[in-house]
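Colleague: Quick note, the sequences are listed as chains P and E, same order. The numbering used here puts the first sequence at residues 1 to 424. The numbering used here puts the second sequence at residues 1001 to 1428.
What the hints contain is simulated information worked out from the structure, not anything from laboratory work. Idealized CB from N, CA, C, for every residue including glycine. Mixed in with the good hints, there may be bad ones.
Just a few of them, taken from the derived set where beta-carbon distance is under 8 Å, the chain P residues facing chain E [to be verified]:
(1) L9
(2) L299
(3) G310
(4) V342
Derived CB-CB ranges, DEER-like [to be verified]:
(5) E:Q1306 <-> P:P324: 53 to 61 Å
(6) P:G385 <-> E:D1327: 45 to 53 Å
(7) E:P1063 <-> P:A352: 53 to 61 Å
(8) E:S1011 <-> P:N79: 36 to 44 Å
(9) P:D75 <-> E:Q1306: 22 to 30 Å
(10) E:P1226 <-> P:K244: 29 to 37 Å
(11) E:T1170 <-> P:D75: 33 to 41 Å
(12) P:P51 <-> E:S1412: 31 to 39 Å
(13) E:R1358 <-> P:V185: 54 to 62 Å
(14) E:R1179 <-> P:N339: 21 to 29 Å
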Amino acid sequence: MIEKRNSALPGPDDIHREVLPNGIVVLTRSNFNSPSVVVTGYFNAGALFDPDAKLGLADFVTSALMRGTKKRTFDKIYNELESVGASLGFSSGVHKSGFNGRSLVEDLPLLLNLLSESLIAPSFPKVEMEKLRAQLLTGLAIRAQDTSDMASMLFDEILFKDHPYSRPEDGHPETVKKITRDDLVKFHRALFGPRGMVIVIVGAVKAEEAVRQVKRALGGWQVKGQKEAVELPDLKKLRKTVSKIHRIAGKSQSDLIVGTNGPKRRDTEFMSASLGNSILGQFGMMGRIRDVVREKSGLAYYAYSSLSAGIGPGSWEVSAGVNPSNVQKATDLILAELNRFVQDGVSEDELADSKANFIGRLPLSLESNGGVASALLNIERHDLGLDYYRNYEDLVNEVTRENVVSAARKFIDPDKLAIAVAGP
Amino acid sequence: MTNMLTQTTLSNGLKVLLKEVHTAPIISSWLWYRVGSRDEVNGKTGISHWVEHMQFKGTDQFPANILDKSISREGGMWNAMTYMDWTAYYETMPADKIDLALRLESDRMINSHFDPSEVDSERTVIISEREGNENEPLFTLGEAIQQTAFRVHPYHHEVIGDMADLRTMTRDDLYNHYRNFYVPNNAVMAVAGDFDTNTMLARIKELFEPIPSGKEPARLAREELPQNGEARLSVEGPGATYYVQACYRFPAASHPDFLPLSVLDSLLSGPSNLNMFSGGISNKTSRLYRALVDKELAVSVHGGAQATIDPFLYSITMTIHPKRKSDETLAALDKEIQRVKEEKVSKPEIARAIKQARALFAYGSENITNQGFWLGYAEMFADYEWFQTYLEKLSKVTAKDIQRVANEYFKSQSRVVGTYVPLDGRVA
Chain P
1 MIEKRNSALP GPDDIHREVL PNGIVVLTRS NFNSPSVVVT GYFNAGALFD
51 PDAKLGLADF VTSALMRGTK KRTFDKIYNE LESVGASLGF SSGVHKSGFN
101 GRSLVEDLPL LLNLLSESLI APSFPKVEME KLRAQLLTGL AIRAQDTSDM
151 ASMLFDEILF KDHPYSRPED GHPETVKKIT RDDLVKFHRA LFGPRGMVIV
201 IVGAVKAEEA VRQVKRALGG WQVKGQKEAV ELPDLKKLRK TVSKIHRIAG
251 KSQSDLIVGT NGPKRRDTEF MSASLGNSIL GQFGMMGRIR DVVREKSGLA
301 YYAYSSLSAG IGPGSWEVSA GVNPSNVQKA TDLILAELNR FVQDGVSEDE
351 LADSKANFIG RLPLSLESNG GVASALLNIE RHDLGLDYYR NYEDLVNEVT
401 RENVVSAARK FIDPDKLAIA VAGP
Chain E
1001 MTNMLTQTTL SNGLKVLLKE VHTAPIISSW LWYRVGSRDE VNGKTGISHW
1051 VEHMQFKGTD QFPANILDKS ISREGGMWNA MTYMDWTAYY ETMPADKIDL
1101 ALRLESDRMI NSHFDPSEVD SERTVIISER EGNENEPLFT LGEAIQQTAF
1151 RVHPYHHEVI GDMADLRTMT RDDLYNHYRN FYVPNNAVMA VAGDFDTNTM
1201 LARIKELFEP IPSGKEPARL AREELPQNGE ARLSVEGPGA TYYVQACYRF
1251 PAASHPDFLP LSVLDSLLSG PSNLNMFSGG ISNKTSRLYR ALVDKELAVS
1301 VHGGAQATID PFLYSITMTI HPKRKSDETL AALDKEIQRV KEEKVSKPEI
1351 ARAIKQARAL FAYGSENITN QGFWLGYAEM FADYEWFQTY LEKLSKVTAK
1401 DIQRVANEYF KSQSRVVGTY VPLDGRVA
């Protein structure tokens, strides 16, 4: 059996971090167990920069990056990738946009070339843009029929009213229709650049070789006047519970989300809130929430809670898929659980269970190259320190019951919740 | 990196496969039963999946709430899945905690309660699971296609079962199904990860060998009759998007033709990814993408081959372009199918498909859960050798083989074409 479990986790002695002269941060960790490699990262060009009238712009731009570059056509780009069983894709987030790719290690140079070309020199061919627009619009038509997507959009509209987080990154049909090729070109010119970009490489390659390859592909990239990140406005908190329903005719099941704001990733309460959330709706088979909604009442196939914490204010949500006639019943059960959670907190046993789970599951989440790569991104994005995963056990263990209950009370007010339902 | 493989059968008939992988301090344990929706008669459809749910409801030794807590407390990941041909339970745990999973699985092979009140509350949960599926256009379309494609063979119904049966099945139905199929001689135990084979085997023997073997469960074997003539159907439902699925009859995974067909699948629509715990790759330079999506007849196209015991379907799913009629898209598909029948594919195209398969294999071997999965999964429709020799066999596929299977399996007179017709605000 492999000894010293803790040293198998990524740490300062096996993560290599280097800042290139043009500002790109490179993080790598080797794993020679499989002949494959993962490349992932982000850059400062998210949906926050979208004007309201052209919401979905960042999403359109990132989707368009590989539709043609100054050197290669769309078909040529994908032909090179797919011919070697590699993959590469871009996607937009709120603050940042990201990329994710993988290949056999022998094809890493190709993967990095395509990444570099797509980032630096996309050509946004007109014909391809129209094809892409039809695909994006169909995606939005499918979204409009998805009870889970629509409940989630409605929830964000209620919870983040008048805040950029209320906007869906993929936009609306009317805004996506308005985006022109010129918009794409300008967005790319203003925002894309090496400053703020992070690239992570994990797999069957040595650190110095990985860095050398990144330098070759992206080290020469310079952009003058690259736009800075925008300031987030303050969030207006809910003054009372707001409940809304979005109707989608002909559906058999409704999706329900009950929730409120959660901590930012860097807030001191983050770990306490995470452990609390685990007890509320994750631990074992989805915690207390599933126990009351599914096991005791048989109301739903899925019912759980989740915490999403990023750069700005996060959300703390309880979700369930229920028969339309049971929406009220399920809502009442969830409200009762939230009340109990805030009033009585959690027991010593429950906390010990969730702590053991957090610590025990770490090696599993860091098993594949993709798992390690997201961990390294997480470290960099939130400035957690290269020794974060080595210290993780202590960080988890120092949380007390009092910490959990005060985090719960700080964020969850059972009288000021956002409740969103999408269904027939 | 040692990857020692051991295969043996215990005295009670339980087949055991062990693969030592010392890349991370993790072990993944899988228990597979040869039972799935193909073992269900009308009136009892969905019973295998429901039994799987009941396996989480506890035994004397591991009452329901103890069971899930014990696994989670150790940082384990566990779940179960029911398919047409099989039901599988797995736990991936820190290596020094795997004993809990072994004890749990040996216990619930024989001692699950099936408490009547738990059966009742699970009934509404499964009905809710089905209602969630019914929200999806491709579920309703797929269900209609399967029931058209299979009149005789039990692949005719969805794994989740028909609503009528979910409402009426009893606790005794479920319990009998459990007792009939959950016997060691109808199961495969597959463990991969950071262990010593001798110690692991001894522990498995200690826990599982006392369980008596049962009567070999008879599996339904009603062969589907040949289909003489194309079947077309449509399903109406909410939405604004048309989908078309064209489904061709594919052979069993153990059939030699499955290999040239896998190459053909790669060429037509990008490689189907059979890994359960690892993503696939894009298909934007596959023949069908170029012919349908690039030409703006569809906004997406996907092919899906599945490894099954009996002949099943290869489905090509097209999301129709909003400005096109589904018949135009289908006509373009037919043209591409005709092309692979008439023209031999080139050597580089075959080499490309093989490289894609090699890459997917490498990605899949990054994690131990996926390695444990393959050990037992391959046993369900062939044997582990099928998996071990897959790439080698694939590399022997010739252009002639591909042309032959294209003509033999991609016949319009034995396909089913289903269209999802969106009501777009109209009332059904």
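Colleague: Using the beta carbons of D75 (chain P) and Q1306 (chain E), state whether their distance is inside 22 to 30 Å or not.
Modeller: 29 Å, holds
Colleague: Would the hint on L299 (chain P) be counted as holding, given a Cβ-Cβ threshold of 8 Å to chain E?
Modeller: OK, holds: L299 (chain P) within 8 Å of chain E, min 7 Å.
Colleague: Range hint 54 to 62 Å: satisfied by the CB atoms of R1358 (chain E) and V185 (chain P)?
Modeller: 39 Å, violated
Colleague: Against the range 45 to 53 Å, how does the distance between the Cβ atoms of G385 (chain P) and D1327 (chain E) compare: consistent or not?
Modeller: 60 Å, violated
Colleague: Using the beta carbons of T1170 (chain E) and D75 (chain P), state whether their distance is inside 33 to 41 Å or not.
Modeller: At 58 Å between Cβs, range violated.
Colleague: Does the closest beta carbon of chain E sit nearer than 8 Å to the beta carbon of L9 (chain P)?
Modeller: Check failed: Cβ of L9 (chain P) comes no nearer than 10 Å to chain E, outside 8 Å.
Colleague: Hint validation: V342 (chain P) versus chain E, beta carbon distance must be below 8 Å. Holds or violated?
Modeller: Since chain E brings no Cβ nearer than about 23 Å to V342 (chain P), farther than 8 Å, the hint is violated.
Colleague: Given a hint of 29 to 37 Å, does the C-beta separation of P1226 (chain E) and K244 (chain P) actually sit inside it?
Modeller: 54 Å, violated
Colleague: 53 to 61 Å was suggested as the range; check whether the CB atoms of P1063 (chain E) and A352 (chain P) agree with it.
Modeller: 19 Å, violated
Colleague: Verify the CB-CB distance for Q1306 (chain E) and P324 (chain P) against the hinted window 53 to 61 Å.
Modeller: Violated, at about 33 Å.
Colleague: Look at the Cβ atoms of S1011 (chain E) and N79 (chain P) and judge whether their distance stays inside 36 to 44 Å.
Modeller: 55 Å, violated
Colleague: Starting from the hint 21 to 29 Å, judge whether the C-beta atoms of R1179 (chain E) and N339 (chain P) obey it.
Modeller: Given a distance of about 43 Å, which is not inside 21 to 29 Å, the answer is violated.
Hint violations for this structure: numbers 1, 3, 4, 5, 6, 7, 8, 10, 11, 12, 13 and 14, all remaining hints satisfied.
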